[in-house]
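Participant: For this one, chain A is given, so just place chain B on it according to the hints.
Those sequence lines, one after another, are chains A and B. Each residue of the first sequence is one higher than the one before, starting from 222 at the first, in this note's numbering. Each residue of the second sequence is one higher than the one before, starting from 4 at the first, in this note's numbering.
Be a bit skeptical, because a hint or two may be false.
What the hints assert, rightly or not - So the derived label-pair ranges between C-beta atoms look like this:
#	chain 1	residue 1	chain 2	residue 2	range
1	B	L12	A	V331	32 to 38 Å
2	A	R227	B	L123	46 to 52 Å
3	A	G341	B	R144	44 to 50 Å
4	B	D140	A	E265	36 to 42 Å
5	A	R333	B	R116	52 to 58 Å
6	A	S443	B	T134	42 to 48 Å
7	B	D57	A	D298	38 to 44 Å
8	B	Y24	A	D440	53 to 59 Å
9	B	R13	A	D282	26 to 32 Å
10	B	S65	A	D256	51 to 57 Å
Unchecked claim - From the derived model, a few chain A residues whose C-beta atoms are all more than 10 Å from chain B:
#	residue
11	G295
12	A296
13	H307
14	G316
15	D320
16	R390
17	A407
18	R435
Derived by calculation from the structure, the hints in this document are not laboratory data. Predicted model only: the values in this text are computed from it and were never measured. We put the beta carbon where it would ideally sit given N, CA and C, even for glycine.
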Amino acid sequence: MSEGCRGCTGHCCRDIVVHVTPFDVSRIAAAQSLDPLQIVEPRETVPGDGQNGEAFGARIDATGRLFSSVLRKGALDQSACQFLVHLDDDHARCGIYADRPRVCIIYPFVVRQGSIDVRGDARCGPGDWNMARLDYASVRRELAAYSAEWHACARIVEAWNGAVEQGNRSPSFASFTSFAHRVAGAVASDTSLDVGVLERWDEAQLSAELETARRAWLDHVSIAAQSAIRE
Amino acid sequence: MTERLARWLRCPSKECCSFSYICVTGDDVARIARSLSIEPWLFTVPIRAPADSDDGFALDTSGDRFRLALKRTSVEDAMPGGTCVFLARLGDGTTRCGLGALRPAACRVFPARDDGGAILLEAAGCTCDWTGVAIDDAARRELAELREARKRYAGVVARWNAYVLSQVGSAKLVPRDFGRFLLDAYPE
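The shape of chain A in the complex, shown without the other chains (with noise of 0.2 Å):
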């Protein structure tokens, strides 16, 4: 467990809705050995959302808003996060934290002017992060590995969005996120695929050959998502 989540009474737990890809979909729903539709629900997008400021999010009824894919609220605290155990008033602790979401895994950092920071709006208490002892090598793998899954995200969302748009496919959120579903297992279980390229995805001084390594990975993505589509 991170050394900053040590003392967490499950502030962000609570506070913020977390937002989830596919790919945390898949890894929860088969380790949990949980329908996808029991790990998330939508919520609609606001402007901004998305990497560049743009709502970002799946069409998933005749409207043409967009929603995008949050985990779901416990049966007895709605507004606490359904993986969130609680112990008692002072303590409580991740129920999937082996397979918690990459954004939790992240949580509470940010890159900043370059380098590993606690984003502003953190819930943890004052001194929980002491940054001269931070693993940062393995927070920027987390946050690169973050960051490639959302821009992968995005692919999958686009592809959707595109077959609702030609009447491919109804709009629901049941059959965006069983599709969802079907495309990340499809990315995640292929092998000849560089998964190494996700932990460098966010390398400032981008090689020639990460780039390349990079675009193929998201057109993998692309292909799986349109060979779904095609289901």
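Facilitator: What follows is chain B alone, placed relative to chain A:
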């Protein structure tokens, strides 16, 4: 993933996590405490144990013995009498174990039990259908590990009890003292 594990994971109600206290060994306590960075007294409770049980720890010289069990949620929870504190209740009402791979050895073997050398898949109170599920190698290995863990734990408890009995007239010990003793006895 074995069929036994898959069937247990899919079980929506997890009666096994609610119908009784789940007793733990020192290995379980140290593993969960260190992995989740939570001190033993925050997730365990002492429950009464028979005076002659080899996992029964003393807190004074009265002869009373206690076992460590995973804490339970309060009775106001949706399940009468509460459930294991680590049981997560999902939005659709189904449940999942919040400890996952960290769960106690007694939970990992479930519902396998050693009946005088023969391994059986059955558990009182469990409503799952276990017919057609084979005794897998993991069950044999986990039962053997549980036996070893209990043997190791009995030695640690005996050391603790000897210490307690040597403290005649001293201040009464509390479960937290035993929890600290366990972390010391099971180094990282």
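Participant: Determine for every hint whether it applies to the structure shown.
Facilitator: Each hint, compared with the structure:
In this structure the supplied range 32 to 38 Å holds for L12/B paired with V331/A, their Cβ-Cβ distance being about 34 Å. The hint said 46 to 52 Å for the Cβ distance between R227/A and L123/B, and at roughly 41 Å that hint is violated. The given range of 44 to 50 Å is respected by G341/A and R144/B, whose C-beta atoms sit roughly 49 Å from each other. Judged by the Cβ atoms, the range 36 to 42 Å given for D140/B and E265/A is violated: they are separated by roughly 49 Å.
Restraint check, R333/A to R116/B: a C-beta distance of roughly 55 Å satisfies the suggested window 52 to 58 Å. As the Cβ distance of S443/A to T134/B is approximately 46 Å, the hint placing it in 42 to 48 Å holds. At roughly 39 Å, the beta carbons of D57/B and D298/A sit within the given window of 38 to 44 Å. The hint said 53 to 59 Å for the Cβ distance between Y24/B and D440/A, and at roughly 54 Å that hint holds.
Take R13/B and D282/A: their Cβ atoms lie about 31 Å apart, and the range 26 to 32 Å holds. Distance hint check: the CB atoms of S65/B and D256/A are about 52 Å apart, consistent with the given range 51 to 57 Å. Annotated as non-interface, G295/A brings its C-beta within 10 Å of a C-beta of chain B; the closest such distance is 6 Å. The claim that A296/A lies off the interface is violated: its Cβ sits roughly 4 Å from the closest Cβ of chain B, which falls inside the 10 Å cut-off.
Against chain B, the non-interface label of H307/A is violated: not every CB pair exceeds 10 Å, the least being about 8 Å. At the 10 Å boundary, the C-beta of G316/A falls inside the reach of chain B, the nearest C-beta of that chain being 3 Å off. For D320/A, the requirement that its beta carbon stay farther than 10 Å from each beta carbon of chain B is not met, with the minimum near 8 Å. Interface exclusion of R390/A from chain B stands, the closest Cβ pair being 25 Å apart, more than 10 Å.
No beta-carbon of chain B is positioned within 10 Å of the beta-carbon of A407/A; the least distance is around 20 Å. Consistency note on R435/A: stated as away from chain B, and its beta-carbon is indeed over 10 Å from all of that chain's, at 32 Å minimum.
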